[in-house]
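K.L.:
Sequence:
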Amino acid sequence: MSSLQQQAGPQPTEHIADTAGRASPTLSTRQLNLVRVGYLVMGAGLVIRKWPEFLAHEPWELKHGTVLTMLVAMSVLALLGLRYPRAMLPILLFEVGWKLTWLGVVALPLWLSGDLNGATREQTAAVLWVVIIIAVIPWRHVFRQFVLAPGDRWR
Numbered sequence: 281m282s283s284l285q286q287q288a289g290p291q292p293t294e295h296i297a298d299t300a301g302r303a304s305p306t307l308s309t310r311q312l313n314l315v316r317v318g319y320l321v322m323g324a325g326l327v328i329r330k331w332p333e334f335l336a337h338e339p340w341e342l343k344h345g346t347v348l349t350m351l352v353a354m355s356v357l358a359l360l361g362l363r364y365p366r367a368m369l370p371i372l373l374f375e376v377g378w379k380l381t382w383l384g385v386v387a388l389p390l391w392l393s394g395d396l397n398g399a400t401r402e403q404t405a406a407v408l409w410v411v412i413i414i415a416v417i418p419w420r421h422v423f424r425q426f427v428l429a430p431g432d433r434w435r
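Here this note's numbering is used: the first residue of the sequence shown is 281, the next is one more, and so on.
Calculated from the structure, these hints are not laboratory results. Ideal placement from N, C-alpha and C gives every residue a C-beta, glycine not left out. Any given hint could turn out to be false.
Stated by the list, open to error - Once the Cα atoms are required to be at most 20 Å apart in a straight line, the calculated PhoX-like pairs of lysine-lysine come out as: (1) Lys379 x Lys343; (2) Lys330 x Lys343; (3) Lys379 x Lys330.
Claimed, not checked - Quick list of the computed label-pair ranges, beta carbon to beta carbon: (4) Leu320 x Thr349: 20 to 26 Å; (5) Ala324 x Gln403: 27 to 33 Å; (6) Thr381 x Val356: 22 to 28 Å; (7) Arg420 x Leu342: 38 to 44 Å; (8) Pro332 x Arg424: 35 to 41 Å; (9) Ala429 x Ser393: 40 to 46 Å; (10) Leu388 x Trp434: 16 to 22 Å; (11) Gly384 x Pro339: 33 to 39 Å.
Sequences are here, hints too, so could you generate the full structure?
P.N.:
What follows is the structure, encoded as structure tokens:
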């Protein structure tokens, strides 16, 4: 490796040591940028749909106000993912998890029975945007980091 490459840091195909000193494959710039698309879709979508209501700050019912403020916080974390795409992966995993659960438990039974209509149909259309996030998550990396890698010590 040339001295210029050594100064530039790890190359996309190199391995770097994680905090426990184990070799951890890096994600290529292309993969990182694809993940950033997921953060952008999630963050921008929430900024466009939820921030105007949040900033208007009308009196909210307890449940509505709780969900709205949670989604505004999620938008901030998603936008932070643009800068730190690997570190913020759990945010995308949470997004995929709750949306797939909702689709399977709420939307699918209604669709199968022919009763998917009105607000539930609109919500289903909004939730289906999760396919973009599913498509850009580096699933092999997620599996290696969150399933195969040893957990952090407790003491």
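K.L.:
Going through the numbered hints above, which ones does this structure break? Give me the numbers in ascending order.
P.N.:
5, 10
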